[in-house]
Each structure stands twice: as C-alpha cells, then as structure tokens.
Amino acid sequence: MKETKRYNRQMALAEIGESGQQKIQRARVLVIGAGGLGCPVLQNLAAAGVGFIGIVDGDVVEETNLHRQLLYTLDDCGRNKAVTAARAIKKLNPSVDVQVFSDFFQSQNAFEIVGEYHIIVDCTDTIAVRYLINDVSLVKKIPFVYASIHKFEGQVSVFNYKNGPSYRCLFPEKEGVNAIPNCVEAGVLGVLPNTLGVLQATEVLKIILEIGTVLSGKLFIYEGLQAQTQLIDFQKNPKQIEKGIINGIQLLNTKKITFSELLNQEQFFEKSNDSNVLLIDVREEDELPRYQGNAIVNVPLNNIESYAKGLNIQQEIVLLCQTGQRSSIALHYLKKLGFNRISHLKGGIQNLEQHLKK
Amino acid sequence: MIVTIKYFGLLAEVTNKSEEQLQLDQETISVIDLKSKLESLYEGLQNATYAVAVNQTICTTDVAIKNQDVIAFLPPFAGG
Chain A
1 MKETKRYNRQ
11 MALAEIGESG
21 QQKIQRARVL
31 VIGAGGLGCP
41 VLQNLAAAGV
51 GFIGIVDGDV
61 VEETNLHRQL
71 LYTLDDCGRN
81 KAVTAARAIK
91 KLNPSVDVQV
101 FSDFFQSQNA
111 FEIVGEYHII
121 VDCTDTIAVR
131 YLINDVSLVK
141 KIPFVYASIH
151 KFEGQVSVFN
161 YKNGPSYRCL
171 FPEKEGVNAI
181 PNCVEAGVLG
191 VLPNTLGVLQ
201 ATEVLKIILE
211 IGTVLSGKLF
221 IYEGLQAQTQ
231 LIDFQKNPKQ
241 IEKGIINGIQ
251 LLNTKKITFS
261 ELLNQEQFFE
271 KSNDSNVLLI
281 DVREEDELPR
291 YQGNAIVNVP
301 LNNIESYAKG
311 LNIQQEIVLL
321 CQTGQRSSIA
331 LHYLKKLGFN
341 RISHLKGGIQ
351 NLEQHLKK
Chain B
1001 MIVTIKYFGL
1011 LAEVTNKSEE
1021 QLQLDQETIS
1031 VIDLKSKLES
1041 LYEGLQNATY
1051 AVAVNQTICT
1061 TDVAIKNQDV
1071 IAFLPPFAGG
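Protein chains in written order, with our numbering: chain A, 1 to 358; chain B, 1001 to 1080.
Watch out, some of these pointers could steer you wrong.
[What the hints assert, rightly or not] One side of the interface only, derived from the structure: several residues of chain A facing chain B at Cβ under 10 Å:
#, residue
1, Y7
2, R9
3, G33
4, T126
5, P193
FYI, nobody ran anything at the bench for these hints, they're computed from the structure.
Predicted, not measured: the structure shown is a model, and the values here were computed from it.
Glycine included, each C-beta is placed from N, C-alpha and C at the ideal position.
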C-alpha cells in the first residue's frame, strides 16, 4: 500500500493496522451537502484516507458560510460548493478519488447519484431531503449517517445500519415538518456544525472499520452551551420501515424523466407555447431578428445570474440566443444556481429564421 | 408524583425553558395524556413535531410515566 507514512499514526492503533487502513482506502462514501456539516466530514474522511468520496451540492459558496464552512475562502464565493470542496480535499489528500455532483439531491437524481456507494452521510439542511435519503438508503440497503443542528444543539445517529431502525422510526413523517428552521433562519454558532460533522466522520470510520458500537438505534444529542450530552435509545418500527421501502421502490420504478437540455425547433415551439415556461432571450437588446413569440423576457447574458436570483428554483426556463452558444453558457450558470428544469434552443434563433420568415 | 421534562431545540424556545419539574396529582400518566396536558399549557407545542423519550428511550404514546421519570421532548432538527 502506497503512502503508509501519512496514515502511520492511525495504523498504529491495534483496531486499525494495515488491514483497517486498506478497508478505509476501499470505502466509497457519499457526502450529501457540503455546508456546515459537510465541510468537516469531507476534511476528516479525506485526511483519514477514504478512497472514494462523492460530494453532492448544488449551492454556491457565500460569505455568510465562511465562519463555519472551513474548506472555503473568500475567493470561492459564488462558486459551486461541490466543485470547490472537491478541489480543497484533493489538495489535502491527492490520493483520494472524488466524484462531484453539482446538483441538489432530489428524487429525480437520487438513485443515480447513490449508485455504488457504501455509506451515505447526510449533511443536508432540509427535512424533506432526509426522508428521501432515508428511503433510498433503505432500498439500497446501505446505512446513512445523520447529523443535524439547531443553534447550540446537535443530533447524530446512524440509520438503516444492518437492518436497524430508520429515520422514520425516530421521526415519522408528518405534514408541516418542513416548517422547521434551518441555520439561515435560526442562526448557528460556527463551531457547532464542526463538532457534529466530526462525530459523523467518526461514525463513518467505525462503520468502515467494523469497530466500536455504531450509533444505530441511538440518538446522540450534544448541547454546547451547558456542555451536555445525552444518548437516547429507539426501536425499529416495522410500519415506518415499510413506508420508507414503499416510497423508495416507487421512486426507483418511476420512469426517469430525463430532462432534455437541448431543444430542436418543434420542441422549442411546444415549450414556448406553454404558459408555465419562462422564455428568456439572453442576447443584447438590439440584436435581430427578435423572436415574436408569446411572453418572452430579454435578459442579456451578463445579467442572467442576478435576474435568476429573483426566480423560484423550480421554474422551468427555456433560453435562446443568436446561435445557441450564449444560451448554453446561461444554462450552465443557472444550473450552478440550482435550477434544473432548464433547456435551450439548439442553434439559436438563426435556426428558427426560416420559420420566422414564413 | 414528580416528573422532569426536558425540552430540546425549538421546543425550548416555545416553552421558554430547557427543563422543568412537574408535580402531578395522579400516580401515573400516559405519554399521550402528558403531551396533551403540556400542549394546553404551551400553545406552541400543539403544532410541533417531536418524539418523546422516557428515561432515555423513545416511547409510544401509550407508555405509562411514573414518579421520578425523566421525559425528553425531542424535535427533529433541520440545520446542516
């Protein structure tokens, strides 16, 4: 095994040794969310020598992230988190293979992303996504290591580990659960997610190494202000497991709606007649010919990012320009901002000219 | 009987306390009855989602709570 020197101190542990380090190197771990929890998880897993790490995040780095998301610098602001985090951990440990998914984890891409990973680490900040992660993890029969924070408190647990309890067993899904505030709304002390992320990384390594007692069926609670911890036991609830499996399998069997990003003329006209679709011309205002279709907005490429920030991320968007080049760049920008129902006109308005002349 | 209730996360804000001791006339109370008692005391609990642990174990709502038990109200967190 190459580079044993780097891992010498952890290999010196009787519980790890050379065979343990090989297990770490063979592990494939998917980290969903590269924010407050994701950063310390990624740093520690990369440093420990986890051989293959996936990073999923459609978000971009913002200055307000920097007090807690220590993989990023001021220069990274505006860049996609998954891409930036990948670069940072590759620098930390070049022997780690990193797979980047610069999209948000959602039902359309969930199974595709999880693919052949052995362990999922849930570092997201939305309850709905946790149920999705839970159900995919159940169907794939791989564990997921959970943590979540609120102000000065955090929770850690491991779900679906060796047929153990699920997230649903602890928190059955109820309407209105999504109203629970995340860090943006509630605020967070910068060190707190780092503490919790390190605990998640510890659980990941325990699972890989098959040592210690994994937090399966146990909820670990940390409260920073009083320095208190609690360990709460919980049981498997067969009804909740069944619900998760049914959901997950339904998702797996749903015909994948592959969103075609490149539109031919017919597809373009069809979309442009759909009132739910926002049509954006990304050329300058004086470029000809103009498209004489239904509602169309003119947002030159330079302004597209600031314009899109005022839109709902679920909005379906069709982009067009003169030749299809600028619309393709605009599409790339919008994807980075988290939009995923976007397409653009192949060949641009030149491609439509004949039709326009008719 | 006397029981100790611990409130976590958002619930500590809803009740404005992280812990309290409750004196009850009866010798035992089910989790569901305790929940409705506290939900009438603190309106904010009514719409909250949370699991209930009795002496560090998550319980179904029919479990009977006894004197000196420690009950934790645990909401899921969203932050990451």
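Hint-by-hint comparison with the structure:
1. Y7: Nearest chain B Cβ about 29 Å off; hint violated.
2. R9: Hint on R9 (chain A): violated, closest Cβ of chain B at ~30 Å, above 10 Å.
3. G33: holds, 5 Å
4. T126: Check passed: Cβ of T126 (chain A) comes within 6 Å of chain B, closer than 10 Å.
5. P193: Interface hint status for P193 (chain A): holds (7 Å vs cutoff 10 Å).
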